[in-house]
Amino acid sequence: MTATSGEKLFCRERRPVELVVRNGHVLDPRTELDGPHDLLIRDGHIAELGSPGSLPAPEDGELFDATGMHVFPGFVDPHVHLRTPGQEYKEDLGSGTAAAAAGGFCAVIAMPNTDPVVDDPAVLGSLVGRARREAGVPVGFLASITRSLGGDELTEMAALADAGALGFTDDGKPVVSAGILRRALQYQALSGGVIALHEEDPALSRAGVMHEGPISARLGLAGIPSLSESTMIARDAALALYEDARVHFQHLSARESVQALAQAKQGGARVTGEVTPHHLTLTDDLVRTLDSRFKVNPPLRAEPDRRALIDGLRSGVIDCIATDHAPHARHEKEVPFEQAAMGTIGLETAFAALYTELVAPGELELALVVERMSGGAALYGLPTPRIAPDEIANLVVIDLDRAFEAGAQGYASKSENCAFGGRRLHGRVLLTLAAGGVAFRERMLVEAASAR
Amino acid sequence: MRHLISIEDLSRADIERILDTAESFAEVSGREIKKVPALRGRTVVNLFYEASTRTSSSFELAAKRLSADVVSIRSVGSSIDKGESLKDTVQTLSAYDPAAIVIRSPHAGAAKLVAAWTPAAVINAGDGKHEHPTQALLDAFTLRRRLGKLDDANIWIVGDVLHSRVARSNILAFQRMGATVTVCGPPTLIPRGIEALGCAATSSLDGLQEADVVYVLRMQHERMQDAYVPSLREYAERYQINSARLNPEQLLMHPGPVNRGVELSAEAIDSPQALIGDQVKAGVAVRMAVLYELLVGSPPLAAVAA
Numbered sequence: 001m002t003a004t005s006g007e008k009l010f011c012r013e014r015r016p017v018e019l020v021v022r023n024g025h026v027l028d029p030r031t032e033l034d035g036p037h038d039l040l041i042r043d044g045h046i047a048e049l050g051s052p053g054s055l056p057a058p059e060d061g062e063l064f065d066a067t068g069m070h071v072f073p074g075f076v077d078p079h080v081h082l083r084t085p086g087q088e089y090k091e092d093l094g095s096g097t098a099a100a101a102a103g104g105f106c107a108v109i110a111m112p113n114t115d116p117v118v119d120d121p122a123v124l125g126s127l128v129g130r131a132r133r134e135a136g137v138p139v140g141f142l143a144s145i146t147r148s149l150g151g152d153e154l155t156e157m158a159a160l161a162d163a164g165a166l167g168f169t170d171d172g173k174p175v176v177s178a179g180i181l182r183r184a185l186q187y188q189a190l191s192g193g194v195i196a197l198h199e200e201d202p203a204l205s206r207a208g209v210m211h212e213g214p215i216s217a218r219l220g221l222a223g224i225p226s227l228s229e230s231t232m233i234a235r236d237a238a239l240a241l242y243e244d245a246r247v248h249f250q251h252l253s254a255r256e257s258v259q260a261l262a263q264a265k266q267g268g269a270r271v272t273g274e275v276t277p278h279h280l281t282l283t284d285d286l287v288r289t290l291d292s293r294f295k296v297n298p299p300l301r302a303e304p305d306r307r308a309l310i311d312g313l314r315s316g317v318i319d320c321i322a323t324d325h326a327p328h329a330r331h332e333k334e335v336p337f338e339q340a341a342m343g344t345i346g347l348e349t350a351f352a353a354l355y356t357e358l359v360a361p362g363e364l365e366l367a368l369v370v371e372r373m374s375g376g377a378a379l380y381g382l383p384t385p386r387i388a389p390d391e392i393a394n395l396v397v398i399d400l401d402r403a404f405e406a407g408a409q410g411y412a413s414k415s416e417n418c419a420f421g422g423r424r425l426h427g428r429v430l431l432t433l434a435a436g437g438v439a440f441r442e443r444m445l446v447e448a449a450s451a452r
Numbered sequence: 453m454r455h456l457i458s459i460e461d462l463s464r465a466d467i468e469r470i471l472d473t474a475e476s477f478a479e480v481s482g483r484e485i486k487k488v489p490a491l492r493g494r495t496v497v498n499l500f501y502e503a504s505t506r507t508s509s510s511f512e513l514a515a516k517r518l519s520a521d522v523v524s525i526r527s528v529g530s531s532i533d534k535g536e537s538l539k540d541t542v543q544t545l546s547a548y549d550p551a552a553i554v555i556r557s558p559h560a561g562a563a564k565l566v567a568a569w570t571p572a573a574v575i576n577a578g579d580g581k582h583e584h585p586t587q588a589l590l591d592a593f594t595l596r597r598r599l600g601k602l603d604d605a606n607i608w609i610v611g612d613v614l615h616s617r618v619a620r621s622n623i624l625a626f627q628r629m630g631a632t633v634t635v636c637g638p639p640t641l642i643p644r645g646i647e648a649l650g651c652a653a654t655s656s657l658d659g660l661q662e663a664d665v666v667y668v669l670r671m672q673h674e675r676m677q678d679a680y681v682p683s684l685r686e687y688a689e690r691y692q693i694n695s696a697r698l699n700p701e702q703l704l705m706h707p708g709p710v711n712r713g714v715e716l717s718a719e720a721i722d723s724p725q726a727l728i729g730d731q732v733k734a735g736v737a738v739r740m741a742v743l744y745e746l747l748v749g750s751p752p753l754a755a756v757a758a
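Chains as they are written, first to last, in our numbering: chain C, 1 to 452; chain A, 453 to 758.
If you're looking for bench data, these hints aren't it; they were derived computationally from the structure. Among the clues, some could well be false.
To be verified - Sample of chain A residues at the chain C side, in silico, Cβ under 7 Å:
1. Gly535
2. Lys539
3. His559
4. Ala560
5. Gly561
6. Gly580
7. Lys581
8. Lys601
9. Arg617
10. Arg620
11. Gly650
12. Thr654
13. Leu703
Cβ atoms here follow ideal geometry from the backbone N, Cα and C, with glycine treated the same way.
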């Protein structure tokens, strides 16, 4: 089964929703909505925006009272690991998209570092077929840049693009050879698709397991210097400029990386960047606990790095938020820090973590976070969710005041390696509409609905 | 005190108390029958995931001299060798209801994890490059015996600080006991940011003459392969502690095993100012004191040791 021409997101079919969302505070920075409205959704599309309390429930439809709640355009995550094919014990398309929906995401982009690697149109074709049967929110796929992520042989990028790949990445690994990357950037003119890069110079990161600094010195853990990331960004931005290629830098972690990206943009390179909620809110100070939930790649860095990432997101040097949702089974994390797998899950806590740690204390505007939470769509050539008449319903209803303990009721993800687990967060997702259907409804609401 | 995981968890008073207890046990070690009944009927498990001579043998002797039953497990030839996870091994051993588990692991944080998985008291016998708290206690014991106190002592730790758990625990312990610590070694082997522990850091031996104590670290051969130092010859040329660099009033220490002719010259090792033998001897008494502290508690042990 292959994608029909131009189709880039795949999902199982859903019944189009008939719904009025009443009296929610609608905030969509792109359509400049910022106030209470009723929303009529008919046949999965936003049919009408009305003054609060003005729209009656549709026939055969539902009335959702969003008084005191916020309504945002659905979030789009350009960086998740759904572990399919081959590592379904960590996550699969069903559980991963359930986690996405529970976090307010109406679309996600899955990384190709699976087993086998998505480096072949047949592997991608079978994934597309599975997504059409199993994915609860639309999923886009990246294919790898090099075969088996080996770093030395290009994939059939044009054929992969035809089979539905949104772009290319060797995520989890850098493309070490500048020569191979240059060929891929040249070939992009033929294949199209963004080339997304996990930046890390292995000669500098070596066997490192955390940020290099006073805390790695204290713990006796091998450090990964910030330069291992920023020098590669500088190198690859120069290649992108030279080849006039479109490059996206994944999960920035270091102050020097933000500087390198800013310089590259000023110089005219067609480059963009993303940052994760955990790098925006947590630092290497947490690694003192040697709790493997804080082992991520790139590593949590120091407070000045975190500040630079926040500033970069605010100024627009960093274009969007991505979770790098990286599920791992318990036995892969319940080991000494140095042996533990790298990564944290993030879909279900992304908005609440950012709201609690950055918006509520006044570090970032709510509208900016909402905008950046779906900023990844346009970067990959996908339509950006908007709250406006005639748009397909991609939106999320969130109660900003409602607090919860992350993970206390388990996760929709198959894995529980969450760096925010146990934290008290504000900003509970109550309802997610994706591609015109109900993708998620908060459990208490489900119980209330079935009791009726 | 329930576990001994890190020197960070010990106050100066804790350290002084353990060293005082160790003094009593040192006396026991001088007797013909070197045994006290403090841990009779209780079990101590030694779980060693790394090769070790002095730490494992001294823990074993310490537990036996306290009359405990001792089980020693090494990774080679055990279920660990068959791929059993640390958690499963610890939970299996916990089924024997040990009073204490002594763990040596090549990975930082292993002892802390073990403490979460077992009701036994856990003693960190070295976790990766992180800590080796009983080594620091026996070094403090050795120095306190020789100097009376560590207050205002000027201690230099020389060598491969980057890869040394001994250095990390000793920096903390010596400072907590009132000493000033300087670490010294080639720039490639001094971890960036180590000053955050409160010590000074330098790559020059200038100033070594001011030290009261020179604590030399083991220089491992494999460091050359990773280009930390170009050659052991050049390392020895620049950093070897020998009679030319040492003045006769200074005390010399080393956690062992020594690479003769690399980090220390033979005549320095064999000189009367070297405390290396005293350190080894202190190992048993101090580890007895740690087991006693965790398993029996703080009542005066005169009664037990008498």
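| said: Can you verify the interface hint for glycine 580/A: is its Cβ closer than 7 Å to any Cβ in chain C? | reply: The hint holds - glycine 580/A has a Cβ within 7 Å of chain C, the shortest such distance being about 6 Å.
| task | Double-check arginine 617/A for me: the hint is only fine if its C-beta lies closer than 7 Å to a C-beta in chain C. | result | Hint on arginine 617/A: holds, closest Cβ of chain C at ~6 Å, below 7 Å.
| said: Hint lysine 581/A vs chain C: min CB-CB distance below 7 Å? | reply: Holds: closest Cβ of chain C sits about 3 Å from lysine 581/A, inside 7 Å.
| Hinted contact arginine 620/A with chain C - closest CB pair below 7 Å | holds, 6 Å
| request: Let me know if the C-beta of threonine 654/A comes in closer than 7 Å to any C-beta of chain C, holds or violated. | output: Nearest chain C Cβ about 15 Å off; hint violated.
| field | Hint validity - leucine 703/A Cβ closer than 7 Å to any chain C Cβ | value | violated, 25 Å
| request: Mind checking the CB of histidine 559/A against every CB in chain C and telling me if the closest is under 7 Å? | output: For histidine 559/A, the interface hint holds, since the closest Cβ of chain C sits about 3 Å away, which is under 7 Å.
| said: For the restraint on glycine 650/A, tell me whether the closest CB of chain C is nearer than 7 Å. | reply: At about 11 Å, which exceeds the 7 Å cut-off, the nearest Cβ of chain C leaves the hint on glycine 650/A violated.
| Per-residue hint verdict: lysine 601/A, partner chain C, C-beta under 7 Å | Not OK, violated: lysine 601/A not within 7 Å of chain C, min 26 Å.
| said: Restraint: glycine 535/A near chain C, CB-CB cut 7 Å. Satisfied or not? | reply: Interface hint status for glycine 535/A: violated (12 Å vs cutoff 7 Å).
| query | Does the nearest C-beta of chain C fall within a distance shorter than 7 Å of the C-beta of lysine 539/A? | reply | Constraint on lysine 539/A satisfied, holds at 6 Å.
| Going by Cβ atoms only, is glycine 561/A closer than 7 Å to chain C? | holds, 3 Å
Checked against the numbered hints above, the structure breaks hints 1, 8, 11, 12 and 13 and satisfies the rest.
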